Amino acid sequence: MANKILIVDDAAFMRMMIKDILTKNGYEVVAEAADGAQAIEKYREYRPDLVTMDITMPEVDGISALKEIKKIDPNAKVIMCSAMGQQAMVIDAIQAGAKDFIVKPFQADRVIEAIQKTLS
Numbered sequence: 001m002a003n004k005i006l007i008v009d010d011a012a013f014m015r016m017m018i019k020d021i022l023t024k025n026g027y028e029v030v031a032e033a034a035d036g037a038q039a040i041e042k043y044r045e046y047r048p049d050l051v052t053m054d055i056t057m058p059e060v061d062g063i064s065a066l067k068e069i070k071k072i073d074p075n076a077k078v079i080m081c082s083a084m085g086q087q088a089m090v091i092d093a094i095q096a097g098a099k100d101f102i103v104k105p106f107q108a109d110r111v112i113e114a115i116q117k118t119l120s
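Numbered by this note's numbering, the letters in the sequence shown go through residues 1 to 120 in order.
Hint data in this document are derived by calculation from the structure and do not stem from the laboratory.
Misleading hints may appear alongside valid ones.
[What the hints assert, rightly or not] No more than 30 Å apart at the CA atoms, straight line, and that leaves these computed lysine-lysine pairs for BS3-like: (1) 99 with 67; (2) 4 with 99; (3) 77 with 24; (4) 117 with 67; (5) 70 with 24; (6) 117 with 71; (7) 117 with 24; (8) 104 with 4.
[Said to hold, decoys possible] Each pair of labels, with its calculated beta carbon distance range: (9) 13 with 110: 10 to 20 Å; (10) 59 with 120: 15 to 25 Å; (11) 16 with 58: 11 to 21 Å; (12) 109 with 16: 13 to 23 Å; (13) 71 with 24: 24 to 34 Å.
The structure displayed is predicted, hence computed values, not measured ones.
For glycine and all other residues, C-beta sits at the position ideal for the given N, C-alpha and C.
My request is simple: use the sequences and hints to build the entire structure.
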């Protein structure tokens, strides 16, 4: 059975890019969210095997959403996505429980490597 993944990013084209990479590699994207508040809701609803989470988003940012998801499910697997130059935020994310992070723009092999490592 394919692993179920929730994609969270405020930029629709980024969600489309990562969804494309994932579906081509046999993963099932069960839901998408455009901000952290939606991410928390969709996590509750779908209980995905893994979440890719943008850090910088309107409403609720990725790190706050990560912390909330970890409250719902302490075993949640979340990979953060960030643009270059957000090292401090990445460290915060890892401390909050993120399993890995991917730098934008996405490189397909790095995305798949991070997901395989996190799910194994």
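*Please name the hints from earlier in the document that this structure breaks, with their numbers sorted from lowest to highest.*
10
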